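Once you've looked at the hints, dock chain B against the given chain A.
Line by line, the protein sequences are chains A and B. The first sequence stops at residue 243 when you use the numbering used here, and every number in between is there. The second sequence stops at residue 565 when you use the numbering used here, and every number in between is there.
If you're looking for bench data, these hints aren't it; they were derived computationally from the structure. All values derive from a computational prediction rather than experimental measurement. Treat each hint with caution, since some may be false.
[As the list claims (entries may be wrong)] Using 30 Å as the maximum straight-line C-alpha spacing, the simulated DSS-like pairs for lysine-lysine come out as follows:
| id | chain 1 | residue 1 | chain 2 | residue 2 |
| --- | --- | --- | --- | --- |
| 1 | B | K278 | A | K107 |
| 2 | A | K106 | B | K297 |
| 3 | B | K461 | B | K352 |
| 4 | B | K432 | A | K77 |
| 5 | A | K148 | A | K234 |
| 6 | B | K297 | A | K197 |
| 7 | A | K20 | B | K297 |
| 8 | A | K20 | B | K278 |
| 9 | B | K352 | A | K108 |
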Amino acid sequence: MGGSLSAAEVLAALYFHHLKIRPAEPDWADRDRFILSKGHANAALGAVLAQAGFIEDSVLDQFYAYESLFGMHPDIKMAGVEMSTGGLGHGLSIGLGMALGARLQKKKFRTIVMIGDGELQEGSNWEAAMAAAHQKVSNLTAILDYNKIQQSGHVSEMMALEPVADKWSAFGWAVREIDGHDMDQVVSALDDLPFEKDRPSMIIAHTVKGKGVSFSEGTHLWHNNMVPEDVYQKALAELGEPV
Amino acid sequence: MNAAKKGPDWVAKVQNQSRLSFGFAVTDMAARDDKVVAVSADTLDLIGLREMVKAVPDRVIEAGIAEQNAMGVASGLATTGMRPYLCGYAPFITARSMEQLRNDVAYAKQRVVIGAACSGITLGVSGGTHHAVEDLALMRSLPNMTVLVPADALEAWHLTQATEALDGPSYVRLGGRVEEVPVTAPDAKPVIGKATTLRRGTDIAVIACGVLVAEALKAADELAGEGIGVRVINMHTIKPLDRETVLAAAAETRGIVTAEEHHLTGGLGGAVAELVAEEHPTRMRFVGMPDEFCIVGPTPKVRERYGMTAANIMAKCRELMG
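Chain A extracted, bound-state conformation:
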């Protein structure tokens, strides 16, 4: 839950402002691609896909349900989902493949991959970072949902990530840092893509884990826990959502 709330503004900006998509025609060949590499934020992706019209709202009631396409992690079989994810460190390589596929077929679509900060501990991300810069794919963007917390605690204590912007710059990416909860900054960064010619772009979105719900902000406790009904009602009230 915490990792879904930290990504909410960025996902909203992507699906309701930036991505060229046709919810009624999810397999439209020229659509922009979005991969949620931090697949454990699928709750947020599902909500966005429903609001955008890829899936019926009733699908949201099938979260974790038997035979559901809407489980903890994205499933490519669900409309609007570009790739089954969940194993960390996969999305950026797949996104690079999509970006190369666009270039080879002279298509204009762009590919955006959202990755998590804890996810960057997986070495495969750095293979992809090196390869994307080498391939000069300016049609590829990574967004780091930098909420500073992973399953068991603070990223800085688990495996130091800083200086993360310098690392991506050194790998050859054009990097911009934003407040991932400030919609003006999010939209402005997306509008400016690609940041540089012949380079992949990296948006480091500084966010707060569990943003918007007082008791879930800044803690790892709601990374992977089921939300009891009373807590759920309290959270909805704080978010100003209808119960």
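Relative to chain A, chain B alone:
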């Protein structure tokens, strides 16, 4: 295009090596289909991709020594309608990138063809880090996956071409930098999922794949002199297994010997045993790598040590005759 029509040029290029045949087949397909793309994990020479680099440089993507990324890239390319042929060393393109292979390729059911060179113990002197004797078990355990083991360079050519028609991922197990004995007929056109019967005996059936097909033929021809009729089945498709051919062998012979350059767990022998145990219990013997890590040494000597030879196939056949 078949090899007979291609003539001496093709033979000279491919040098009886399935790894080169795979690369030239991909190059050939790329010339007529602009969706065909090669992704190489530092294998341009190993897989014979230099001609493709010259002909269509944009469609050979060098992914470097980074199999995990290469596997993901291949999956991403496939989602856009491209037809990626991912080229790597068998030990690394399977085990190193197994999670990407399982999730991004098999689970997501993307049409990626993996060309895995230097399988088995073809890199004998390189040692256990470079042997791939569990790859068939890994690939066979993945839903959606088609698993192919060409017996020679010509069959590698045809099976690689045949992957064009597949709707999901596939694995093509290839040899190393050594000549393979041609065993398939010049006019043969192997069909994925349909085994080829090379000798028609009815005493014992030897079901073999890859380089062990040549050994099975040697064994059959020698045993014919002893009055033992051996049926030799080239099982070039491990998955989906040709059930009909296996069950006919179980019904029509006194027993089945399987032969593969792979661990005895989970490969061809396992696949055949699982089928006949349920459908037609049959006496069996298994030729392959025992449950240990392989010693270092020249490949022919190492094969001999572990009994992956005509002599051992003959011994197993005689056991079943007794």
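Hey, K148 of chain A versus K234 of chain A, does the alpha-carbon distance stay inside 30 Å?
-> Satisfied, since the Cα-Cα distance of roughly 24 Å is no more than 30 Å.
For the pair we were handed, K352 of chain B and K108 of chain A, check the Cα-Cα distance against 30 Å.
-> holds (25 Å)
Given hint K197 of chain A paired with K297 of chain B - CA-CA distance at most 30 Å = holds (27 Å)
Is it true that the CA of K432 of chain B sits at most 30 Å from the CA of K77 of chain A?
-> Status violated; Cα separation ~35 Å.
Given hint K278 of chain B paired with K20 of chain A - CA-CA distance at most 30 Å = holds (24 Å)
Would the pair K20 of chain A and K297 of chain B pass a check requiring their Cα atoms to be no farther apart than 30 Å?
-> Violated, because 36 Å separates the two Cα atoms, which is more than 30 Å.
Given the hint that K461 of chain B pairs with K352 of chain B, test it: the Cα-Cα distance must not exceed 30 Å.
-> violated (39 Å)
Within a Cα-Cα threshold of 30 Å, do K278 of chain B and K107 of chain A meet the stated pairing?
-> At roughly 13 Å apart (the allowed maximum being 30 Å), K107 of chain A and K278 of chain B satisfy the hint.
Hinted pair K106 of chain A and K297 of chain B, Cα distance within 30 Å = Judged against 30 Å, a Cα distance of about 20 Å means the pair holds.
Hints 3, 4, 7 from the earlier list are contradicted by this structure; the remaining hints agree with it.
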